[in-house]
Amino acid sequence: MEKNTLFDKIWDAHVVKSVPAGPDVFFIDKHFIHEVTSPVAFLNLEKRGIGVKYPHRTIATPDHNVPTVDQDQTIKDKLSRMQVEKLRENCAKYDIELHDLGSAHHGIVHVIGPELGVTQPGMTIVCGDSHTSTHGAFGAIAFGIGTSEVEMVLATQCIMQSKPKKMRISVEGALGKGVTSKDIILYIISKISAAGATGYFVEYAGSTIRSLSMEARMTICNMSIEMGARGGLIAPDQTTYDFLKGKQYAPAGEDWEKAVAYWNTLRTDDGAVFDEELTFDAADIEPMITYGTNPGMGIKVVDNIPSTEGMEGSNKTSYLKALDYMGFAPGEPILGKSVDYVFVGSCTNGRIEDIRAVAQFVKGHKKADSITAWIVPGSREVEKQAQAEGLVAILEEAGFELRQPGCSACLAMNDDKIPAGKYAVSTSNRNFEGRQGPGARTLLASPLTVAAVAITGKITDPREVFKA
Amino acid sequence: MAYDKFTILQSTVVPLSTENVDTDQIIPARFLKATEREGFGDNLFRDWRYDSAGTPKTDFVLNDSTYSGKILVAGKNFGCGSSREHAVWALYDYGFRCVVSSFFADIFKNNCLNIGVLPVTVTPAFADKLFAAIAADPLTEVEVNLPKQTITLLATGDAESFDINEYKKDNMQHGFDDIDYLINMATEIEGFEAKR
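Heads up: the sequence lines are chains A and B, in that order.
So that you can map any letter, position 371 of the first sequence is 371 in the numbering used here, and since no number is skipped, the others follow by simple counting.
So that you can map any letter, position 158 of the second sequence is 158 in the numbering used here, and since no number is skipped, the others follow by simple counting.
These aren't lab readings, by the way, just hints derived from the structure by calculation.
Some hints could be false.
To be verified - Derived contacts from chain B toward chain A, CB cut-off under 8 angstroms, selection only:
hint: 1; residue: 107
hint: 2; residue: 168
hint: 3; residue: 196
Keep in mind it's a predicted model, so treat the numbers as computed, not measured.
C-beta: ideal position from N, C-alpha, C; glycine also.
Chain A with its partners taken away, still in its complex shape (with noise of 0.2 angstroms):
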């Protein structure tokens, strides 16, 4: 018998048909948009002349560039208005399941998907947004678009795609104290480099990767895109079908049962031939930050920022452009640098786990005064079950700022911009120069460092901060 990865498996099952000389026809499950991406594709099928072919496989939700203070009240920025009145406008008009500002659901588009149970083992998700690779975390195959295809799948549920090369990556062991889903794959990125995956669709296996609960695999898959990788998954187990049932759009009752027996085939099969295979060792895993301009500069804490030895030509050159974008020196040490800001949130660490693990470390203590702390839950959901875990108290307490769901600080389409030259230490997905506000600086980390370094208003190891 045929020996399959489960990215084939699933690939395979979503073929239309193979154009010869060309990429697949691939079927989409499940297609999510936003206010971003999505009117200039409505735009070019209102100029053709056609429709949206399978409203219910296309769920929206407004993100990018929403305010995360007065929800309630209208868009201040008339650009952002015309593009959230845009997409509600689209979603009436062609029956478009909407979860609009205030509702129950509101949130990240990658936060609400696993919310409501949507996103599901086995299925195929796209959306105009990179960070849909963060749905692979359930099984799925799920990856970023261009407006172009967002057309396609509106118009068609297909989009043509050619089947990308698999990589395995395998993390085994048991983490350190103190580390997190966000050290590892920060850790990885910095391994192989900011393009180490491109061209390849990432599976994510090993007894680490194993032990991981949803949300902290929703984050490792969630930064695939930023090693270059079209998307990146995990096989579905019994901590997804957990996270799954009883949610609003899981299946039930004998639909459940039939559904579990079908996910539990999805494996890669003993034998299965990847074209690469990279294993890491959790022990070597400490907590991580990045110092530069792409999310592969990334060191531990504890290190030195790298010098150039080694280094010639234009990759010189770029490297020596990023640190002194960041302002920072080679072969210092980061460690004990001031910070100016901190954010937690964002589609890879705004959710529930994150924010307690931030409750959990900050509670007694105050964040350092010349800190400004914003922590923006992912969705609606999340911030009422903050609320009722007291978790928004303690971080209130402690000094940090709550505010309202949307992508927020990640990339700074919104009010909530780093000032130009200010340093934050960000739970979020990128750095490049200028993500969080023209001129800002960013630093990646987990949400236990960032906790630290709200408290400490420097450049922290949180293993430090929190001995006890």
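Got chain A sorted already, so can you dock chain B onto it with the hints?
Structure of chain B alone, referenced to chain A:
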């Protein structure tokens, strides 16, 4: 949407050797608020092109009148990060029809092919040759020949062939897009959907 046909392009080139240029640099997120596709060229490389007061930065290549053309020669891992197609719209709107690099990010490359900007992947050695030729003579011309799948430095005749799948090549040459193809497959897709 349908776009200009691409067959043979001869042009001077604009060099940008910086590595890992992400789509947030090509078009920063704060300029993604339009509900139409036109006009993004004005903000192409906004924060590298202009300072916070809106004054052009003279050290950036797009502000250097020595360089111009419809071909951008970029450093490796060009277009990484966000899937925003706006990045390609901005390049197109500015006037680029072809981007050359030794390494492209996947989604960016797909987005290029979907709107008629030809991504040409060359070997690192050929990329170096291009950068050197532009440095020696900013008016040097490059020919990108899609039917023959070649890229040539016209002054020296140095050439290399590049890959593109036949389907996408045909689309680019005729200005077709994937939707035309998919709509013609409606019946097959309906049959497939019904079984899911």
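Going down the list of hints, with the structure as the test:
no. : hint : verdict
1   : 107  : 6 angstroms, holds
2   : 168  : 7 angstroms, holds
3   : 196  : 7 angstroms, holds
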